[in-house]
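Heads up: the sequence lines are chains A and H, in that order.
One point on numbering: in our numbering, the residue at position 357 of the first sequence is 357, and numbering is uninterrupted.
If you want our numbering, it's the position in the second sequence, counting the first as 1, plus 1000.
Hints were generated in silico from the structure; no laboratory data involved.
You can take every hint at face value.
Partner residues aside, some chain H positions facing chain A, computed with beta carbon under 8 angstroms: (1) 1005; (2) 1010; (3) 1017; (4) 1018; (5) 1032; (6) 1039; (7) 1040; (8) 1043; (9) 1045; (10) 1049; (11) 1052; (12) 1053; (13) 1071; (14) 1078; (15) 1089.
C-beta: ideal position from N, C-alpha, C; glycine also.
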Amino acid sequence: MADLADLTVATAGERLATGEASAADLLDAVIRRASLTEAELHCYVTIDHDGARRAAEESDHRRSRKESRGPLDGIPLALKDNFCTRGLETTCSSQILSGYRPPYDSTVVARLRDSGAVIVGKTNLDEFAMGSSTENSAFGPTRNPWNPERVPGGSSGGSAAAVAAGSALAAFGSDTGGSIRQPAALCGVVGFKPTYGLVSRFGLVAFSSSFDQIGPLARSVADALTLFEAVAGHDPLDATSYPGTVPEARPSLETGVKDVRIGLVRELSGEGYEPAVTAATNDMVAQLEASGAIVSEVSLPSFAIALSAYYLIAPAEVSANLARFDGVRYGLRVTGETVEEMMARSRAEGFGPEATRRILLGTYALSAGYYDAFYGQAQRVRTKLINELANVFEQVDVLVSPASPTTAFELGAKTQDPLAMYLTDVCTIPANLAGTPAISIPVGLDADGLPIGFQVMGPALGEARLFQVAAEVERLATFDHRPEILAAASDRL
Amino acid sequence: MPIEIDIAHVARLARLALSEEELSTYRSQLGVILEHAAKVQSVPTEGLEPTAHPLGLLNGFREDLVRPSLDRDEVLAAAPDSADGYFVVPPALEG
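Okay, chain A solo, but in the shape it has when bound:
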């Protein structure tokens, strides 16, 4: 029998239902896997051994009384360490929050606790979710399970690597410019960013409020949907949360893609794209066409400028959101003669280089004399991109592209060149600017044995179509590869 740590959420749920496994067994399996892999991979900032044990026992107790709460009851999940968890350290992988224990749960965490999920721990990220490699963590990088010399992507690199390595059955991350989809692509798992506003941001430590969206990383498209369903829906505590009905996507998992109109995005190809990534993308598009989809190439000129707009708007929002870290109410304090000196020293000491860079960039873009030329113009470019997308979605049902222009790169390869790091998000950023849903599905390996992700993008609230196509991509790809490190870990059991 396969190790319980390698099951999908759906299969683990079946085992729980039949009594073949308990929540405690599942937790033991992922903790055992973590004990074999953490020293090398460093997926977690904190493992909550006691809290997870209690949650698993409570779940097993509920099940014995036939009071089980649904598909996540007893399932061991990991959370990116930027979700506030009451009483459990929440660091955002930053020195400025080291040791911080929030006095409340984020809405997503509260909903997961209600669903009976077992929260294993908090995963590593680029500081405050700013980065594409999980190297910008104050606690050291996470490594890619497929090749520990490579990055796992970012910023939800700890969550992606944990799901790939089996130290959680699935995980949650946040996606501001691709921070769920890009690490999912680089780690060979499914990563889904919902329509902006479908999942409450209350208690997610804010990075760029008009882009941030919470979503799942999982081993299957169906699991990703299960996790999304457990946390989606309006929340009065998040004023930007969508007040309408959450789209129903489950029935479309099985319908196939006959007559679905698929647009391949011209701007997300060419220079800078690894040949293996382009080949895998084109191959999947051909397979979708053979399955009955109507494929065309489409052009969205604003996609070429999306990155520039993003790197003005996101830092501007960062400079406002991170103003709260001032050494007064929580986090690091460095003493000073005056309150202003204390704040400036605390912030300089507490923030790492990428957070500092973005605060400076945003402060500049919002400062007197530059506001309209930079921030205002970027917000108008955003409108232009949204309009272009709306027009294209009258001609096609979904858009497809690579999820990342390259497979996982080596640690240190881009740390000295911030702009080169930013360019790794070129495929994922447009969906954040437009607030539209997008998902990455693993479709193959390159010659070095590194995973390749395929992205499907839908219109706002188009989750049903998105999952319809994603499920077909998953069936066609039959991606059943495993990182070699897991074979080695199993040998040691």
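Following the hints, complete the assembly by docking chain H onto the known chain A.
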């Protein structure tokens, strides 16, 4: 061409006490990033309104109800310094 910025002024606005060496590094890095970002200025956007919320939602209303706040002692427990139910900071004004 990389954009020249008064980095010391920006760091003051952002309340970041950075060293001369750090300021110099950030000045050159920001110059290169801004050169790339400034490409937005070549996009014709006449007649377009700026977007703040991607779905165009405006105000989100809820009932104005009294509900429990966070526990004061629990909140203050996370503070670097507190006394008598208050946050404590160094003086804001001289004298």
